[in-house]
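Peer 1: One-letter residues, chain by chain:
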Amino acid sequence: MKEIKILGPGCPRCEELLSRTETVAREMGLECRITKVSDINEIANYGIMMTPALVVDGQVKCIGKVPPPDEIRKMLE
Amino acid sequence: MDWKRESKSLALLTIIFAVLYFLPLESIRVRQAVLEAIYLLRNYARDHVILCLIPAFFIAGAMAAFIGRASIMKYLGAGANKITAYSVASVSGSILAVCSCTVLPLFAGIYRIGAGLGPATTFLYAGPAINVLAIILTARVLGLELGVARALGAIVFSIVIGLLMHIIFYREERVRSETQMALPEEDSDRPPAQTVLYFVLMIGILIFANWGEGGSGSGLWQTIHSLKWTITGIMAILFGIILVVWFRLGPYYVVATGAATAFVAVIFPGQPLIPFLVAIIGLSVAIARGGNEMGEWLMQTWSFTKQILPLLFVGIILAGIFLGRPGHEGIIPARWISSSVGDNSLMSNLTASLVGSLMYFATLTEIPILQGLVGNGMAKGPALALLLAGPALSLPNMLVIRSVIGTRKTIVFVLLVVVMSTAVGMIYGSLF
Chain A
1 MKEIKILGPG CPRCEELLSR TETVAREMGL ECRITKVSDI NEIANYGIMM TPALVVDGQV
61 KCIGKVPPPD EIRKMLE
Chain B
1 MDWKRESKSL ALLTIIFAVL YFLPLESIRV RQAVLEAIYL LRNYARDHVI LCLIPAFFIA
61 GAMAAFIGRA SIMKYLGAGA NKITAYSVAS VSGSILAVCS CTVLPLFAGI YRIGAGLGPA
121 TTFLYAGPAI NVLAIILTAR VLGLELGVAR ALGAIVFSIV IGLLMHIIFY REERVRSETQ
181 MALPEEDSDR PPAQTVLYFV LMIGILIFAN WGEGGSGSGL WQTIHSLKWT ITGIMAILFG
241 IILVVWFRLG PYYVVATGAA TAFVAVIFPG QPLIPFLVAI IGLSVAIARG GNEMGEWLMQ
301 TWSFTKQILP LLFVGIILAG IFLGRPGHEG IIPARWISSS VGDNSLMSNL TASLVGSLMY
361 FATLTEIPIL QGLVGNGMAK GPALALLLAG PALSLPNMLV IRSVIGTRKT IVFVLLVVVM
421 STAVGMIYGS LF
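Protein chains in written order, with the working numbering: chain A, 1 to 77; chain B, 1 to 432.
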C-alpha cells in the first residue's frame, strides 16, 4: 500500500498533477492512497518551496512541475 | 463523486444563474455596461494579445524552463548571507512567482526552513508585483512610467518592509527547524552567456515589436519606431540561429518558419500582425518537435497561458461592466471614483491602498481594473498605491499568511504595506 501525497495550495497546476497521478495509479492498478495536501504549513514541513510536489511514501519525488504521465509512472514504481 | 470538491462549481453555477435570472437588462445603464465590457474585451484582443501577451507567455515559460530555480533558492536557504538573501528575495519574484498560489508556499518555505522572517516578507511583498508578465502588461496598458514605478517601488519597498519586520520582531526570531530544504534537480549545464543572450533576444523582440509612436515629431524615439519591424526581424533571425545552434532545434523547422514569415510579410505589407502570428505558430511547431528542454518550454508556456488568460478575461469583463473603457462609464458612476481617489491627497492614497490590500486580484487582473479606474478619473498617485498594495495582499491571503506567521506579525505586515503604499503613492503623484 503506497502513500501518495500531492502538495499544493489549490492552483490549476496542482489539480492537474492530482488528476494525472490518479489516472496513472489506476492504469498501473497500484494499491495506494492518494491525498491532496493544501495546508501551507504542512507543505513547508516537507521542505518544499515550489508547488505542486509529489510525495511517495514520505519521499519527495518531484517539485514545482507537472511531469508527463510516463515520468509519474516511474515515480510511483 | 467528491461533493466537497464539487461544491465550489455548484456555488459558482448558482451565482451565475442568479445573476442572469435577475439581470436588469431593461436598464440603459446596465446595457451600456455590458456593451462596455465587450468593447473592452475587443480592445484587449486587438491591442494586447498578439504582440504583447503571447510573447510574454513564451518568455515566462522560458524562464520557468531554463532558469535554474534551485540555484536561486540556495540564496534564500537557512544560513544564507543576509544582504544576498534580501536582494535575491526582492527580485526573484520576477522569475519564481507568477501567481499568488506559488508565492505563498515559497513564503512559508523561506520563513520556516530558509532565511527567516525578513527575506520571507520581502519576497511575499515583491513576488506578485514584479513578475515578468505583470511588469510587461502594466507598462503596455498603463504606460511605461507606471510600469517602471511599479517594479522599482515593489523592489525598494519590499526590502524596507522586510528589514522593518526583521527589526520589529528581532527578539522573537525563532529557532530554525531542522527540515532539510528539498530542491528540484539542477538544470542543464548550458553556459550562462547563451541563456542570457537567448533571453535578451526574446525580450528585445517583445520591446521593439511593441515600440509605440512617440508624442513628439522626431528624434531617436521616432527613428526607432519607423525601423521597429526591421529591428524585430533581425532579432528574430538571430533568435532562430541561436535556437538551432545552441538549443539543437531542428534547422528545417526554423528555416521553414523564417521563410513562411518572410513570404507572408511580403504578401501583406503594412500588416505586421500576420507575419508575427505565422512566426509564433512556426516557433511553437518547431519547439514541439524539439528535444526534451524545448518540450518543457512549450509546456510551461502553455500552462501559464491556460492558467492566466481565462482569469484575465474574466477580470476584463468585470472591469468593463463596473468601470467601462477609459473615457466611458460602467455601472459605477465616474464621479464616485474621482471624488474618492481623484486627487493626490492623503485620503485618496490611503483609500486606494486599503481597497487594494483587501481586494483579491487574480494574476494580471489588477491591470484592466486599474485601467478602468484611471479612465474614470483616478489620479496617478492612488493608482500606484493600489498597484503596490493590491497583488501582495488580499483578505483570503492574509488568512494564509496569518497561519504561517501568526496574528501579530500579520497585522504589522499589513499595516506596513498600507502605510508604505500610501506614502509611495503620494510621492509618485507629486512627482508626475
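Read the hints as simulated data drawn from the structure, not as lab findings. Small disclaimer: the values here were computed from a predicted structure and weren't measured. Among the clues, some could well be false.
[What the hints assert, rightly or not] For lysine-lysine, the following BS3-like pairs were computed, each having C-alpha atoms within a straight-line distance of at most 25 Å:
#1 B:Lys74 x A:Lys61
#2 A:Lys2 x A:Lys36
#3 A:Lys61 x A:Lys36
#4 B:Lys8 x A:Lys36
#5 B:Lys306 x B:Lys82
#6 A:Lys36 x B:Lys4
#7 A:Lys74 x A:Lys2
#8 A:Lys74 x A:Lys36
#9 A:Lys61 x A:Lys74
#10 B:Lys380 x A:Lys36
#11 B:Lys8 x B:Lys380
#12 A:Lys61 x A:Lys2
[Unchecked claim] A short, non-exhaustive set of chain A residues, derived as facing chain B with CB atoms under 10 Å:
#13 Pro12
#14 Gly47
#15 Met49
#16 Met50
#17 Pro68
Yeah, the Cβ is synthetic: ideal placement off N, Cα and C, and Gly gets one too.
Peer 1: Work down the list of hints and note, for each, if the structure agrees.
Peer 2: Okay, the hints, checked on the actual structure:
1. At most 25 Å may separate the alpha-carbon atoms for a hinted pair to count; Lys74 (chain B) and Lys61 (chain A) meet this at roughly 19 Å.
2. Restraint check: the Cα-Cα separation between Lys2 (chain A) and Lys36 (chain A) comes to about 14 Å, which is no more than 25 Å; the hinted pair holds.
3. The hinted pair formed by Lys61 (chain A) and Lys36 (chain A) meets the criterion: a straight-line CA distance of about 15 Å does not exceed 25 Å.
4. For the given pair, Lys8 (chain B) sits about 16 Å from Lys36 (chain A) by alpha-carbon distance, which is consistent with the 25 Å threshold.
5. About 37 Å separates the Cα atoms of Lys306 (chain B) and Lys82 (chain B), which puts this hinted pair outside 25 Å; it is violated.
6. With a CA separation close to 13 Å, the supplied pair Lys36 (chain A) and Lys4 (chain B) stays within the 25 Å bound.
7. Straight-line distance between C-alpha atoms of Lys74 (chain A) and Lys2 (chain A) comes to about 14 Å, which keeps the hinted pair within the 25 Å bound.
8. A distance of roughly 20 Å separates the Cα atoms of Lys74 (chain A) and Lys36 (chain A); the hinted pair therefore holds under the 25 Å criterion.
9. For the proposed pair Lys61 (chain A) and Lys74 (chain A), the alpha carbon gap of about 10 Å is at most 25 Å, so the pair holds.
10. For the proposed pair Lys380 (chain B) and Lys36 (chain A), the alpha carbon gap of about 44 Å is over 25 Å, so the pair is violated.
11. For a cut-off of 25 Å, the pair hint linking Lys8 (chain B) to Lys380 (chain B) is broken: about 37 Å separates their Cα positions.
12. Proximity of Lys61 (chain A) to Lys2 (chain A) is assessed by CA-CA distance (about 13 Å); at most 25 Å being required, the pair is judged to hold.
13. Given the 10 Å rule on beta carbons, the hint for Pro12 (chain A) holds: about 5 Å separates it from the nearest Cβ of chain B.
14. Nearest Cβ of chain B to the Cβ of Gly47 (chain A): about 4 Å, under the 10 Å cut. The hint holds.
15. Restraint check, Met49 (chain A) versus chain B: the minimum CB separation of about 3 Å is within 10 Å; hint holds.
16. At its closest, the beta carbon of Met50 (chain A) sits 6 Å from a beta carbon of chain B; the interface hint therefore holds under the 10 Å criterion.
17. The beta carbon of Pro68 (chain A) is positioned within 10 Å of a beta carbon in chain B (closest approach about 8 Å), and the interface hint is therefore held.
Of the numbered hints stated above, those contradicted by the structure are hints 5, 10 and 11, listed in ascending order.
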